[in-house]
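Those sequence lines, one after another, are chains A and B.
Taking full-length UniProt numbering, I'd label the letters of the first sequence as residues 1 to 294.
Taking full-length UniProt numbering, I'd label the letters of the second sequence as residues 1 to 294.
A portion of the hints provided could be inaccurate.
Claimed, not checked - Chain A regions said to be covered by chain B (calculated; three or more residues, Cβ under 8 Å):
hint: 1; segment: 13–20
hint: 2; segment: 115–128
hint: 3; segment: 185–197
hint: 4; segment: 219–232
Since the hints were made in silico from the structure, they are not lab data.
C-beta atoms are modelled at their ideal positions from N, C-alpha and C, and glycine is treated no differently.
This is what each chain is made of:
2 protein chains.
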Amino acid sequence: MAVEVGFTGAVLDRADRERNDPEALAAALGDWRARLLRLNGLDPELDGEGRLVWDSLADLAEGSQPLFLGYIDGRPHFVPLRLGERHGATRSPALFAMLSLMLPDQAGLYACARSLVDWHQRHGYCAVCGTATELFRGGWARRCPNCTAEHFPRTDPVVIMLAEHDGRALLGRQAAWPAGRYSALAGFVEVGESIEEAVTRETLEEAGVAVRDVRYIASQPWPFPSSLMIACIATADDDRITLDTHELEDAIWATRDEVRAALAGDPAARFVAPPRYAIAWSLLTAWVGSGADD
Amino acid sequence: MAVEVGFTGAVLDRADRERNDPEALAAALGDWRARLLRLNGLDPELDGEGRLVWDSLADLAEGSQPLFLGYIDGRPHFVPLRLGERHGATRSPALFAMLSLMLPDQAGLYACARSLVDWHQRHGYCAVCGTATELFRGGWARRCPNCTAEHFPRTDPVVIMLAEHDGRALLGRQAAWPAGRYSALAGFVEVGESIEEAVTRETLEEAGVAVRDVRYIASQPWPFPSSLMIACIATADDDRITLDTHELEDAIWATRDEVRAALAGDPAARFVAPPRYAIAWSLLTAWVGSGADD
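Just chain A, same shape as in the assembly (with noise of 0.2 Å):
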């Protein structure tokens, strides 16, 4: 099912082998055409196109560390680490007004050099021992001199799903979302489950669905602060809900014109659908595709 995903089709080679090659960083450093993304905190800034506003590396403000994105085009892109700041729990509303300006391909870069200096400025101490660690593999990577352990970035997978029955969709709303907007179930997979079993769980925990037979949709990274979102859609035989509350404020069946009214924006909708760059938004239009309206 090709559908359109926000914060993906970003064209960076990610060059992965110069990261651990001191002398290919080195040269991408001293390169005159490097650049260096310009940031206001984790926020960018954005050109009248919906295009990432550059810099270049002469810009690189004291006290601050260039991590390695890649190339694009064959010019080496950085983004700037400013040491002692942090930023991740703050999003403000004028990211999200970005968001929705920002070109696709611009979308996915930024994930990435948001979701790269986020994880640093929250991880700058060893979890085996305590001690403060240094940057190494170009910004990929983190290294305690006291331990030797060597820590990354972390990408956190969040199943996204829609539970189906007999022609309608399951979806929430959570008390902090703006008014009216409804979205599909999600959350976190643990340790020792599958994708599979962490919908099954998480669908029946939030609103007390039992669902089988998974299917994959699509995958998203969203970098508030490094998700692997994945979606899916499942088959419920059963369309009783009971709401965890503290998890949901409600949960509804929505049928298919209610949804594709949603995204279409009618203000007669049933609901507010999320924002286009996000997977939700995806998973929503991919079901509206898919079968007939009951």
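Assemble chain B onto chain A, guided by the hints.
For chain B alone, kept in the frame of chain A given last:
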């Protein structure tokens, strides 16, 4: 495509809500029917029927803490965390023999227990500030008494994939593997990329083979130490291999007949297949079942 997948099918009720409920946790700890997994380091013990061996909470060693796994048939199940021990790097040959004997649902339960214990043993300090952390949420998190940061067990998504070209599948061999073993290529999903992008990048990096049309097949938890394996098949338009010798010792294109012979354990097969509990086995099995021989 329904195919047997190792480490899945555990009947554990993870009882997520009770992890945050001190009264429920106290009741589980006070339940005389509670069971405690018997571990030697991080290795399990098996009875003659491939089932894990359990003790009672009275057998908890001095200086160990019980981590709450959840309920099986209404009985609380725990795994002991021995503080100060670290076993993560050691994987005994005896363990792999046991994995081959273990019933599938038991392997899923063991995967959960092993990953959880191993994570605690390597994450005793706060990555944000370096202070020693404390266990909370029944063992499903650690909290920093200094900066209040909360830390959750890692689950690292890994793609494992077959490139397919003209009726043959791309297999690789790492130098450290048992003699003759070939398997699917694999690599960690990085921040800022989707599953599909990681499959494409890793196949290009390791074997120089460009792929398109990535199809999801199945997933599996892999407790060494705590990966989520995501198995895919993709299409290659060209069969020229450019090996990254840092990653692979060799790579070959294998026909369905060759893979079938290896999966059957035929001593005359071109290569030795991965073990049945690894998702590479499931992926190869799905692939040989997915099309006619060319």
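Do the hints match the structure? See the list:
{"no.": "1", "hint": "13–20", "in the structure": "holds (count 3)"}
{"no.": "2", "hint": "115–128", "in the structure": "holds (count 10)"}
{"no.": "3", "hint": "185–197", "in the structure": "holds (count 10)"}
{"no.": "4", "hint": "219–232", "in the structure": "holds (count 7)"}
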